Amino acid sequence: MTVRSAASVRRPALAAVSLAMFCVQLDAFALNPALPRIGRDLGTGGGLSWVVGGYLLAAASLMLGAGRLGDVLGRRVLLTAGLAVFGGASLVCALSPSLPVLVGARAVQGAGGALAMPVGLALLTHTYPPALRGRALGWAMGVGGVATACGPFVGGVLTEAVSWRAVFWLNVPVAALAAGCAVRAAEPRDGSAPRPVDGKGLVAATAAVGALAVGIDRGPVWGWASGRTVAALTLTVALFMVFLRCERAAPSPLVSPALLRNRPFVALTAAGAVANAATVVFLFVVPISLQGPWRLSAAAAGAAFLAPAAAMSVAGPLAGRIGPARAVGTMAGCLGLGGAGLCAAPTATSLAGYVLVATGCGAALGVAGALTLIATQAAAGPELAGEASGVTKTAITTAAGLGVALCAPAPGTSLTLAGVSCLAAALPLAAGARRGLTRLR
892 MTVRSAASVR RPALAAVSLA MFCVQLDAFA LNPALPRIGR DLGTGGGLSW VVGGYLLAAA
952 SLMLGAGRLG DVLGRRVLLT AGLAVFGGAS LVCALSPSLP VLVGARAVQG AGGALAMPVG
1012 LALLTHTYPP ALRGRALGWA MGVGGVATAC GPFVGGVLTE AVSWRAVFWL NVPVAALAAG
1072 CAVRAAEPRD GSAPRPVDGK GLVAATAAVG ALAVGIDRGP VWGWASGRTV AALTLTVALF
1132 MVFLRCERAA PSPLVSPALL RNRPFVALTA AGAVANAATV VFLFVVPISL QGPWRLSAAA
1192 AGAAFLAPAA AMSVAGPLAG RIGPARAVGT MAGCLGLGGA GLCAAPTATS LAGYVLVATG
1252 CGAALGVAGA LTLIATQAAA GPELAGEASG VTKTAITTAA GLGVALCAPA PGTSLTLAGV
1312 SCLAAALPLA AGARRGLTRL R
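The opening residue of the sequence shown carries number 892 in the working numbering; numbering runs sequentially from there.
Rather than coming from a laboratory, the hints here were simulated on the basis of the structure. Honestly, I wouldn't trust all of these hints.
[Stated by the list, open to error] Quick list of simulated restraints, FRET-style, between CB atoms:
(1) Gly1244 / Trp1060: 37 to 47 Å
(2) Ala1122 / Thr1240: 27 to 37 Å
(3) Glu1051 / Arg1152: 45 to 55 Å
(4) Val1074 / Arg1186: 43 to 53 Å
(5) Leu1308 / Gly930: 39 to 49 Å
(6) Leu982 / Glu1051: 30 to 40 Å
(7) Arg1136 / Thr1240: 32 to 42 Å
(8) Leu964 / Ala1191: 21 to 31 Å
Only a predicted model underlies this, so the values are computations on that prediction, with no experimental measurement involved. Note that beta-carbon positions come from the ideal geometry of N, C-alpha and C, so glycine has one too.
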């Protein structure tokens, strides 16, 4: 196969995964500015948080099993199915006549995104050779980063200029185009027979993550010490113990023990979860701060946030160029820089200084987030790519819900708390990199 023909075979997979990441990330962040308008249009003031929470709950609960199912059923097939579900649910969201219909369709959207995201990353890992794999993953992360960073601004503009339904209408053709690319994508076979899925472990793990996501999402509403929150977290622990028992007894565990013994993978996933929670806090608090303490209009705040958004969007391709030997140290450095910037931002004395610090934070957190997905795939290797992406995406999506919860009670202090968390996560990662304990293959 010539270089040109090899590139043409890989291109549909990269296009499908990039467009899928754009849809899923845009949908996760674009609706928050539209929630008041949704409440007025649908004639309800209560339950609006479920429009966002239902999406995150479904996505977090199903991602762990989706990565493993992709290894068994085929990554291209599951990616196409996930995009079809996501696009169909987007259509229902755009036409929703009531809040319950919208919340239900949002949950289905989350399920479609959960099917598409882990298997998409694994598909690129299998499609591209090691020399090009990081760059391909980086470009896909970059496209997703554009949607993540610009989501609140795009959602606000579409809501004001057209309707909140326009966000969902935008998803329909993009998801259809992504599904068309996925159908044309080649899926190399590694020749190894897929292991059967541990059904009991899959159910227990999905239920455990779902209970945890409910506890995190509802904690600020119910109260962290309330009986319902404690019950949700207790149920999480109990279901996780059931999952561990199922895994020990299963001939083919849902998550390979080799993956859990993989020190670089575990370290990068844990640090990536912290980075993702901090990123969500950053994306929620900075635009609000520009309109609040700095007294900018919504349009001016959106324009001011373009610099941090641009810095975050270019981080993916840059991260893809970082070799495995430097990945862990670079991620530790980015966490440190991002954490320092998040702590410094509330003390800025001028608007220009605040935007400058926010731009640096966007770049550092963007590289850290992209490296989480790129480097964990390198740490796990192609043979465990599906499982690895499922575990990592579950961890960082659940952390995103925690980031939203941190913003709810005290937006003013959440930046500092997120910054301290990043600094704390950077220290052991840097120490492990120096001692060679997190070296990637």
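Query - Structure versus earlier hints - violations, ascending order - result: 2, 5, 6, 7 and 8
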